[in-house]
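**Q** Once you have looked at the hints, place chain Z on chain F.
These protein sequences, in sequence, are chains F and Z. Numbering (the numbering used here) for the first sequence: 3 to 117. Numbering (the numbering used here) for the second sequence: 135 to 244.
By construction, these hints were calculated from the structure, which means they are not laboratory data. It should be emphasised that the depicted structure is a prediction, and the values quoted were computed from it without experimental measurement. We put the beta carbon where it would ideally sit given N, CA and C, even for glycine. Careful, some of the hints might be misleading.
Stated by the list, open to error - Here are some of the chain Z residues that sit facing chain F, going by a computed Cβ distance under 10 angstroms: (1) Asp143; (2) Phe168; (3) Asn175; (4) Phe180; (5) Thr239.
Unchecked claim - Residues of chain F clear of chain Z, computed beta-carbon distances all greater than 12 angstroms: (6) Thr19; (7) Glu54; (8) Ser56; (9) Lys57; (10) Asp67; (11) Thr80; (12) Thr82; (13) Ser85.
Claimed, not checked - Rough simulated footprint, nothing fancy, chain Z against chain F, three-plus residues with beta-carbon under 8 angstroms: (14) 30 to 44; (15) 107 to 116.
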Amino acid sequence: GAVVSQHPSWVICKSGTSVKIECRSLDFQATTMFWYRQFPKQSLMLMATSNEGSKATYEQGVEKDKFLINHASLTLSTLTVTSAHPEDSSFYICSAWTPLSSPLHFGNGTRLTVT
Amino acid sequence: AQSVAQPEDQVNVAEGNPLTVKCTYSVSGNPYLFWYVQYPNRGLQFLLKYITGDNLVKGSYGFEAEFNKSQTSFHLKKPSALVSDSALYFCAVADYKLSFGAGTTVTVRA
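Same shape as in the complex, but just chain F:
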């Protein structure tokens, strides 16, 4: 089946630094990738939708200057958390979609801890 690889699986960084998370579709071309954030024991909150070659569409309340999303190719999207703060600590999950696929395929998530 379709595989989405997310890297790193966990990262610890100091407050004020930036962290990049990669999401790759390994065996299919993803027209669209979605980035979610999940707080402990809570549901997934959609942060943004990225389409290859165009700017990401951010959900209301998500700071686009803090969470930079790049979708440079049909197999790679990146989320960069800039100037990270402890409140950015969370579980971030990407998913990939193509018109020929249903359902969405998810990465295994990245646990970000900002100290």
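**A** Leaving out everything else, chain Z in the frame of chain F:
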């Protein structure tokens, strides 16, 4: 706007007993419904989907779900639960992007 609701935060069952996780939906058109399972510190794994066709949908790991249009429900079921089924379960509805329910934590005791 589309949405799903999972009325139960937690479901506890004994191993070998039937398992049901409830989900109701609200959509303006035809519903595309999904169930996902999440294990600790992992992404989501697809279980099953309803797009059209038979109301009873069979999925992975022995799970099935019944689409009920009159009750706008899409409950997830498993006839005989296993301890390894203990996880967080999400119902979702989609037109283009998925909207998730709040999740239901399932605990199966030995």
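**Q** Hint by hint, say whether it matches the structure.
**A** Hint check:
1. Among the interface hints, the one on Asp143 of chain Z holds; its C-beta lies about 9 angstroms from the nearest C-beta in chain F, closer than the 10 angstroms criterion.
2. Because the beta carbon of Phe168 of chain Z sits about 5 angstroms from the nearest beta carbon in chain F, less than 10 angstroms, this interface hint is met.
3. With 10 angstroms as the threshold, the beta carbon of Asn175 of chain Z comes within range of chain F, its nearest partner Cβ sitting at about 6 angstroms, so the hint holds.
4. Using the Cβ-Cβ criterion of 10 angstroms, the hint placing Phe180 of chain Z at the interface with chain F is satisfied: the shortest such distance is roughly 5 angstroms.
5. At its closest, the beta carbon of Thr239 of chain Z sits 7 angstroms from a beta carbon of chain F; the interface hint therefore holds under the 10 angstroms criterion.
6. At the 12 angstroms boundary, the C-beta of Thr19 of chain F stays outside the reach of chain Z, the nearest C-beta of that chain being 22 angstroms off.
7. The beta carbon of Glu54 of chain F sits about 15 angstroms from the closest Cβ of chain Z, which is more than 12 angstroms, so the claim that it is off the interface holds.
8. Listed as a non-interface residue, Ser56 of chain F keeps its Cβ farther than 12 angstroms from every Cβ of chain Z; the least gap is roughly 15 angstroms.
9. Every Cβ of chain Z is farther than 12 angstroms from the Cβ of Lys57 of chain F; the closest lies at roughly 16 angstroms, confirming the non-interface assignment.
10. The claim that Asp67 of chain F is not at the interface with chain Z holds, since no C-beta of that chain comes within 12 angstroms of its own (minimum 22 angstroms).
11. Against the 12 angstroms criterion, Thr80 of chain F stays outside the reach of chain Z, whose nearest CB is about 17 angstroms from its own CB.
12. For Thr82 of chain F, the requirement that its beta carbon stay farther than 12 angstroms from each beta carbon of chain Z is met, with the minimum near 19 angstroms.
13. Residue-level check passed: Ser85 of chain F sits 25 angstroms from the nearest beta carbon of chain Z, beyond 12 angstroms.
14. Given a C-beta distance limit of less than 8 angstroms, the hint that chain Z covers the region 30 to 44 of chain F holds, as 3 residues qualify and 3 suffice.
15. Remark: the region 107 to 116 of chain F is confirmed as covered by chain Z, as 6 of its residues place a Cβ nearer than 8 angstroms to a Cβ of that chain, reaching the required three.
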